[in-house]
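Asker: All chains should be built: construct the whole structure from the sequences, respecting the hints.
Residues per chain, in single letters:
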Amino acid sequence: MTVSTNIAPLQFSSKYTAMWRGALAISPLSIAVIPWGILAGSFAIEVGLSPLESQTMSAIVFAGAAQLVALGMIKAGIGVFGILLTTLLITSRHFLYSMALRRDISPLPTRWRLLLGFLLTDELFAIVATDNSQRHKFDRWYALGAGLCFYISWNIATLLGVVAGKNIPNIEQWGLDFAIAATFIALIIPLIKNKSILISVLVSLVSSVSCVLLNIEAGLLISAILGMACGTVHEKLKGESA
Amino acid sequence: MIWLIIVGMASLVFISRYVFLEPKLPLRLSHNTQRFLSYSAPAVLTAILAPIVLVRENTLAISFDNNYLIGAVIACLLAYFTRNTLLTALVSMGVFFFIL
Chain A
1 MTVSTNIAPL
11 QFSSKYTAMW
21 RGALAISPLS
31 IAVIPWGILA
41 GSFAIEVGLS
51 PLESQTMSAI
61 VFAGAAQLVA
71 LGMIKAGIGV
81 FGILLTTLLI
91 TSRHFLYSMA
101 LRRDISPLPT
111 RWRLLLGFLL
121 TDELFAIVAT
131 DNSQRHKFDR
141 WYALGAGLCF
151 YISWNIATLL
161 GVVAGKNIPN
171 IEQWGLDFAI
181 AATFIALIIP
191 LIKNKSILIS
201 VLVSLVSSVS
211 CVLLNIEAGL
221 LISAILGMAC
231 GTVHEKLKGE
241 SA
Chain B
1001 MIWLIIVGMA
1011 SLVFISRYVF
1021 LEPKLPLRLS
1031 HNTQRFLSYS
1041 APAVLTAILA
1051 PIVLVRENTL
1061 AISFDNNYLI
1071 GAVIACLLAY
1081 FTRNTLLTAL
1091 VSMGVFFFIL
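These protein sequence lines are chains A and B, in that order. Going by my numbering, the final residue of the first sequence carries number 242, and the count climbs one at a time with no gaps. Going by my numbering, the final residue of the second sequence carries number 1100, and the count climbs one at a time with no gaps.
Think of the hints as simulated: they come from the structure by calculation, not from any bench. Where is the CB? At the ideal position from N, CA and C, for every residue including glycine. Do not rely on the hints blindly, as some may be mistaken.
[Unchecked claim] Simulated DEER-style distance windows between Cβ atoms:
hint, chain 1, residue 1, chain 2, residue 2, range
1, B, Arg1083, A, Ala76, 15 to 25 angstroms
2, A, Thr17, B, Asn1058, 41 to 51 angstroms
3, B, Leu1025, A, Tyr16, 41 to 51 angstroms
4, B, Leu1077, A, Ile216, 40 to 50 angstroms
5, B, Asn1084, A, Thr17, 11 to 21 angstroms
Answerer: What follows is the structure, given as structure tokens:
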């Protein structure tokens, strides 16, 4: 007890700094997600959900792509089973994220695991996994700051959509998805430190674009795994070290 | 009905995010699996961003008419030379929204 009281002020300030650093790192993505959040809120109202249901969806599901697709399916009159099956397909990439972060997060106390697990979106993975590769250490406060910042942004955006209702025109065409592309590029480029990583990026790029053009549903996951496999194989063949 | 969908979705999404973070799950990641997973960040992020940049209206758009592509090239150059994530994101967004 004495020891922890003694170092408390220092811990507090470093926690606070780490959370702030995380929030700042994810801020471009928190902005990029705003139109999607507004869309999730207004589309839910349009489909016929109550304001409470619409907001709760963003508050507890917290998965943009899955929510928008599910709302479309509700509108089309598709049943619960079909919607949940589709959700599972869309959300399956998160298995990969939790596996990749297992080494860092599984030793943490239960409340940390549950909290960071709940907050583990594409965007949080992007920020945390790239920070790890750069610094070779995992900072739970950094992850929490980033995760909470993104969660708040998503829910405020949804609230705006719920309040505005169905009067939001063409919000998908604002071009804010460029912010996602720009931020991800900024995160990926410094990671490309050897040929194996470059190969995994190029394979994933060609594959993901091909899958979209060919309308292959699980293209994201297929391409990611293909890129990872090619990177690993190249590393083994060339004896390249990390 | 709607509540069932919401709670069902929340459960599935949470399970997919949490399951491998659970230490009681009997799974030991081998050295090779760890190496494989070390490529997850660059590979997944590329798979998300590449279609945003290169596919417009369901066709491959490699041309000067594609603002996303020009913006992305600028972002690549900025990221390469500055190594600063936030600066790269903000400057390339500024160029994309106000110039392109």
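Asker: Take the hints in turn and mark each one as holding or not.
Answerer: Status of the hints after comparison with the structure:
1. B:Arg1083 to A:Ala76: 15 to 25 angstroms: With Cβ atoms ~46 angstroms apart, the hint is violated.
2. A:Thr17 to B:Asn1058: 41 to 51 angstroms: With Cβ atoms ~45 angstroms apart, the hint holds.
3. B:Leu1025 to A:Tyr16: 41 to 51 angstroms: violated, 33 angstroms
4. B:Leu1077 to A:Ile216: 40 to 50 angstroms: violated, 31 angstroms
5. B:Asn1084 to A:Thr17: 11 to 21 angstroms: holds, 18 angstroms
Consistency note: the structure conflicts with the earlier hints numbered 1, 3 and 4.
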